[in-house]
Amino acid sequence: MASSVVSSLQHAAAAGHRPLATRDADWVRYTLTAVALGFLALFLLLPLVAVFAEAFRRGIGAYFTALNDPDGMHALKLTLLTAAIAVPANLVFGVSAAWCIAKFNFPGKSLLITLIDLPFAVSPVISGLIFVLLFGAQGWLGHYLDAENPALPWLQAWLIEQDFKVIFAVPGIVLATVFVTFPFIARELIPLMQTQGNDEEYAAITLGASGWQTFWRVTLPNIKWGLFYGVILCNARAMGEFGAVSVVSGHIRGQTNTLPLHVEILYNEYQFVAAFAAASILALLALVTLVLKSLVEWAHARRHAADAAS
Amino acid sequence: MSIIARNITKTFGAYTALNDVSLEVPAGKLVALLGPSGSGKTTLLRIIAGLEFSEPGSGRIKFHGEDVTDLPAGKRGVGFVFQHYALFRHMTVAQNIAFGLTVQPRRERQSKEAIAARVQELLKLIQLPELGSRYPAQLSGGQRQRVALARALAVQPKVLLLDEPFGALDAQVRKDLRRWLRHFQREIGVTTIFVTHDQEEALELADEVVVMNNAKIEQVGTPQEVYDRPASPFVIEFLGNVNRFAGLGHRLPGAGQDVIYVRPHDVDILREYHGQHGIRVSVQHVFSAGNYGRIALVRADNGETIDAEISRVRLAELKLAAGDEAFVVFRHIRLFPSGAFSERDVSTDDARAAVVDPGRDI
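Chains as they are written, first to last, in my numbering: chain A, 1 to 310; chain B, 1 to 362.
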């Protein structure tokens, strides 16, 4: 009985059509598909097209003239620099946090998991404000530069000499970006590491591997695809972050403007072609990220399929 | 290399996994830790390996007289095979086997060629010489198990510890691998402990069986000892099928329940009544497929079921069918007296009589 059911299912699958009972009426299927596609076109595709259409409205020449603006180039460099610091920092933080949480039991573990989600939970503007409160001239830590009897006088002197600032300067932008993008890598890795369990690590340890060897040769290779995926997402957000960075940057052209902030300024000044040209660069970065992400997923799926097939 | 575990206690929160357990394993033996899940057998194995630690201050572990309690797993010289093998999925079979050799400190590490030669030797030993370049996902369960064993043996461990080594395999593979492991262990002579919940596996494979229940060791002995002379009701019930009868004490006020056990193969079936201690039964069902005939019987007086196993030849002689009337006698019975009796108070004959006539006075 059971085998005949299975074989009839296989027949149906082989013939490429499913039993009628599991199929919806034609009009239901087409309507649902149309709604989904229409929604995607309206909310995702159309804006993307609009960005490039606006950017090229005055022709290719105007587009490249607008891009060649020194402030714009500086904003692009600053954005890349920020991502170049924030992503490796979160790579280290994320891997260590996920490793702690997935492989060990300790008091306060659930608190740590909640803390990792905090940057997702609070508005980016609030995140920015937190850093202003901490590092601003009147802030808890920023106050140190004006303190009359500082804890380490030589450090205060050195910082003043260096004209060291966090808020309205590059360090603040990097800090805010690191904060906002913190969960991406850890969140990607925790479930992955939890499902993999600890047995392979234990096996490595009984074979005489040190903790370090176990991490590099067993743990890391097992999470590399998830890690790569997390890095890509983290990078996308680091380059695109607006809210938190907007609060701490001070919008100084050619100094503390990232690409998203630069777009806003240009737009507010009615320089639409320049604004959309800069926006198109951001969109391109996003597209490259998405392509990379798809490539990773594709390579990963192919490996899995190869494993399953053999 | 002998293994001694002394006074091991381990708790997980409010749950006690091991309660003051002591165990000695003589050098070169193959020992089974047998028990139901939750009996603490895997925890004991992991403590011996150094993957878990007993409660602070409790217990010592010694290998060949040397105290290894405070050594980490990697320094104890144990080979551990995990229940689900825990092969490194991103490495080939050869890389898996070589792992323990390649992580040694540089000055102790063998040359690449020596490691490759050792890997080949181990691949031959596990009878998979052609599969060095495969990945674990490309192997069958039995092959993975053998690779895991080779990986553990590559570093020449002093003791070999196997956690449910055949648990995830199908019956035929399990049988072959069991025989292979036994042969293999005799050949290399490494002291081996394996954990299992399958009594047949433990009795067939081990030199010595350690029966565990409820965080304690119930009995240690050769397979024949634990089977023929079980130390407790738990052991006799866990090691194979058994018929259980209420004993003499159940009618005495305040006395605990003493119980009488009879293995199905100690039940003989007669067509006619032959005098003493025969119990009148009716045949409920006859299972004749298998190495012997299994018959389910129902007592005429109180409706209890009795399982019997008799040879197929005997079954053919008796020509039993469902609904037939017959008589059973017990060749051998086992009595576990309650607190009210000691074994001396109750003769086997009394017990036999008690089963036959539960209402009898004593």
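Just so you know, the hints here were simulated from the structure itself, not pulled from any lab data.
For glycine and all other residues, C-beta sits at the position ideal for the given N, C-alpha and C.
Incorrect hints may have been included.
What follows is a list of derived Cβ distance ranges for each label pair [unchecked claim]: (1) B/Glu-55 with A/Ala-157: 50 to 58 Å; (2) B/Ser-22 with A/Leu-111: 45 to 53 Å; (3) A/Asp-26 with B/Gly-13: 36 to 44 Å; (4) B/Arg-244 with A/Gln-194: 22 to 30 Å; (5) A/Phe-215 with B/Gly-189: 46 to 54 Å; (6) A/Pro-221 with B/Lys-75: 21 to 29 Å; (7) B/Asp-70 with A/Trp-212: 48 to 56 Å; (8) B/Glu-113 with A/His-300: 32 to 40 Å.
Structure-based check of all given hints:
A hinted range of 50 to 58 Å for the beta carbons of B/Glu-55 and A/Ala-157 is consistent with their spacing of about 55 Å. In this structure the supplied range 45 to 53 Å is violated for B/Ser-22 paired with A/Leu-111, their Cβ-Cβ distance being about 40 Å. Checked against the given bound of 36 to 44 Å, the beta carbons of A/Asp-26 and B/Gly-13, roughly 58 Å apart, lie outside it. In this structure the supplied range 22 to 30 Å is violated for B/Arg-244 paired with A/Gln-194, their Cβ-Cβ distance being about 44 Å.
The given range of 46 to 54 Å is broken by A/Phe-215 and B/Gly-189, whose C-beta atoms sit roughly 35 Å from each other. A hinted range of 21 to 29 Å for the beta carbons of A/Pro-221 and B/Lys-75 is consistent with their spacing of about 25 Å. Take B/Asp-70 and A/Trp-212: their Cβ atoms lie about 21 Å apart, and the range 48 to 56 Å is violated. For the pair B/Glu-113 and A/His-300, the supplied restraint of 32 to 40 Å holds, since their beta-carbon distance comes to about 35 Å.
Hint compliance for this structure: hints 2, 3, 4, 5 and 7 are not met, and every other hint is.
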